[in-house]
Amino acid sequence: MSKFSLANLDRRIIYLLVVLALAWPLLNKFTIRPARMKSAEALYKMVEETKPEPGKAAFFAFDFGPNTKAENASQAEVVFEHLMRKRIPVILFAQYVLADPFLKSIPEKIKAQLETENPGEVWQYGKDWVNLGFRPGASLIIQSIPKSPNLAETFSIDAFSTPLVDLPIFKTPIKLKDISLLLQMTGLVGTFDSYVQFFQTQDYRPNFGHGCTSITIPEAYIYLDSGQLQGLLEGIAGAAWYSKLLTDQFPNRAPDNALLINTGLGIAHLLLIALIIFGNLTALFSKKEAKRAR
Amino acid sequence: MNFRQRLIAIATFLGGIYFFLEFVLPEKLPEVLGGFEFGKYHNEVSNGFIAVGAVAFALGLINLLYVHGSKIVFGRKGALNSAALLLSLFAMMYLTLNEWITSEKFNAAAGELRDLAAFSRQIKTDAESKRLLEIPTADRIKILITSLDSKITEVQVTLDNAPKDTPAIVSDEATAALAATNIEVANIKSALENDTTFADLPVLEKLAASLITLASGRQKIDALNYKVSLGKAAYDFVYEGLFIPLGSAMFALLGFYIISAGYRAFRVKSAESALMMIAAVIVMLGQIPFYSYISEDLPEMRLWLLQVPSAAAFRAIKFGAAVAGLYMAIRMWFSIESVSFGNDSAGKTGGSE
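Chains P and B, in that order, are what the protein sequence lines are. Here the first sequence stands for residues 1 to 294, numbered as in this note's numbering. Here the second sequence stands for residues 295 to 647, numbered as in this note's numbering.
A few of these clues could be false.
Stated by the list, open to error - Straight-line C-alpha distance at most 25 Å; calculated PhoX-like pairs for lysine-lysine: (1) K69(P) - K500(B); (2) K563(B) - K111(P); (3) K111(P) - K458(B); (4) K288(P) - K563(B); (5) K171(P) - K500(B); (6) K521(B) - K291(P); (7) K500(B) - K111(P); (8) K104(P) - K521(B); (9) K287(P) - K563(B); (10) K563(B) - K127(P); (11) K38(P) - K104(P); (12) K86(P) - K29(P).
Claimed, not checked - If you want a taste of the chain B side facing chain P, the calculated C-beta under 10 Å gives, among others: (13) N337; (14) K436; (15) I439; (16) T440; (17) K514; (18) I553; (19) M578; (20) I624; (21) W627.
Calculated directly from the structure, the hints in this document are not laboratory data. Backbone N, C-alpha and C fix where the C-beta goes; we use that ideal spot for every residue, glycine too.
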């Protein structure tokens, strides 16, 4: 029978600790103030400073699926909510097929939330947002956007087969120069780069905000540093800070999942740090013990 | 190089040179060079490539059926898993097709109203421009009204059968649009009785506008009706109840492995590993809500690590990868990279024929 050793803790015990660390805040709805994220603040400021103008819109790409839903969906929700509060018309789009259901569910969720919070006010499909749905073609479709004199002609119909020209957002032709903001949330390698490369003309590039998963944060920083990105949501921590900024500005706002998930992950991070320290200490003691025994 | 490989090599080269030139050349060449617009048909070319890309999905499906179907037919090892995979595949395909066909049916019903709106506008435009048509304006309007009568009855049935929890804004908008359509139709009918040449053209524009609102209202109510149907419940159960949680669970497993691996492998054995551990701990602490209990400076320290050393290293990696990608692209373009052409003998050595 193997001897119980602290230096080599059974992985099942570690898994159990992770489950407890994640589940406890989620079950008890325990939240704590998130860490300050300057990159999320920059994105917030960018959206805040954008004025809703007739004939202008924000282009928002949901390039994520169920795998990265915890991080990307929370990011998409807070930014979309901010745009809706500012009454900036949004053109929703995805170049990832599994994102399609989120293009429908997230706006509906935010619309219901905002209409409950603001009785008498209405957010309408076609006027406040348009869903272009999933479009195949990856970077080819992104390349066609800057060349288009009218996006309503390029995409022709929305996700519900409604001709875009019949929707109020597209009453006047929208081309790249009319896109005041470009936003993209993804956990996929490769989809983000195509926006950086192709979503621009020689004389115009819209302000670009990006939401990435925690794994791709270091890669996203090179674009933030170079000025190709104006704002960044770093995983769930970025979404949580954005959510906190929204709550500061709109105190009646209903609590969202970002803070809850972020608190749970924060506790899991603490557990990881504790385990690393614990693992090193036990390794150190066993080394000393082995030396003494020799 | 056989005929098939030669054909693939030619197509690859032409595809590559087209996209290269389309990207580097100006929209229109100077008149001295003939003023040629190289990207004139770029949308059509792009759509062609997208269509070819879509064929890959069908190839994937055929491959799955071939690999797993043969396992089931010949009772090979893992046949049960293959059966589960194919069963899930067909169940999901059936439910998704049902979802797609139903939504297309609703879209088509709304589309018919939009087509009638477009027809109404066209009649007005043609009459204003005094175009000579085989069918006189009044007769065209009669055709429009006859087509509308049956559609209005259909919409009335849809409105009567709307779910009880239909938001007031949706039902009110559709009801108002239907009432407006009925009024315009009645106006047109009475005008036709009194004036055989039909001079009241603006009413056609009003009719078109109310038909477009009606189309949108009908689409919304149809969608609400579908939401409470069995087909939608089955789709939601499989997609939102199984697929999304399973996908999230697969990704969430990473967290367990990382923590377990961190505990076992993150040992300080050298100066480099100590440096890495300190950096990792700072980055983690700097982004979690509990940093303030340790130091208020942690987010700033984390930011510095990400903005300076990490960004520098990543930029170097990106440049390296980009140069390697360019080299690879050139090899593919000139068909030097034989692995991609299914030549097994060349593929094994990685060289060209």
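So, going through the hints one by one against the coordinates:
Only pairs whose Cα atoms come within 25 Å are accepted, and K69(P) paired with K500(B) is rejected, the gap being roughly 45 Å. For the hint pairing K563(B) with K111(P), the CA-to-CA distance comes to about 54 Å; that exceeds 25 Å, so the pair is violated. Of the supplied pair hints, the one linking K111(P) and K458(B) holds, its CA atoms being roughly 20 Å apart against a limit of 25 Å. Between K288(P) and K563(B) the alpha-carbon distance is near 14 Å, which keeps this suggested pair within the 25 Å criterion.
Only pairs whose Cα atoms come within 25 Å are accepted, and K171(P) paired with K500(B) is accepted, the gap being roughly 17 Å. Between the alpha carbons of K521(B) and K291(P) the distance comes to roughly 70 Å, so the proposed pair goes past 25 Å and is violated. Among the hinted pairs, K500(B) with K111(P) is inconsistent with the structure: their alpha-carbon atoms are about 30 Å apart, more than 25 Å. With a C-alpha separation of about 13 Å, the suggested pair K104(P) and K521(B) falls inside the 25 Å cut-off, and the hint holds.
Of the supplied pair hints, the one linking K287(P) and K563(B) holds, its CA atoms being roughly 12 Å apart against a limit of 25 Å. Straight-line distance between C-alpha atoms of K563(B) and K127(P) comes to about 60 Å, which puts the hinted pair past the 25 Å bound. A hinted pair counts as satisfied when its Cα atoms are at most 25 Å apart, and K38(P) with K104(P) does not qualify at roughly 30 Å. With a C-alpha separation of about 29 Å, the suggested pair K86(P) and K29(P) falls outside the 25 Å cut-off, and the hint is violated.
At a threshold of 10 Å, the smallest CB-CB gap from N337(B) to chain P is about 6 Å, leaving the interface hint in force. A least Cβ separation of about 25 Å between K436(B) and chain P goes past the 10 Å threshold, and the interface hint is therefore violated. Taking 10 Å as the C-beta cut-off, the interface hint given for I439(B) is violated, the closest approach to chain P being about 22 Å. A least Cβ separation of about 24 Å between T440(B) and chain P goes past the 10 Å threshold, and the interface hint is therefore violated.
Proximity of K514(B) to chain P holds as hinted, the smallest CB-CB distance being about 8 Å (cut-off 10 Å). For I553(B), the interface hint holds, since its Cβ comes within 10 Å of a Cβ in chain P; the closest pair sits about 5 Å apart. A hinted interface residue such as M578(B) counts as satisfied when its beta carbon comes closer than 10 Å to some beta carbon of chain P; here the least separation is about 5 Å, so the hint holds. A hinted interface residue such as I624(B) counts as satisfied when its beta carbon comes closer than 10 Å to some beta carbon of chain P; here the least separation is about 18 Å, so the hint is violated.
This hint is violated: W627(B) has a C-beta 17 Å from the nearest C-beta of chain P, more than the 10 Å allowed.
Of the numbered hints given earlier, the model fails hints 1, 2, 6, 7, 10, 11, 12, 14, 15, 16, 20 and 21; all others are met.
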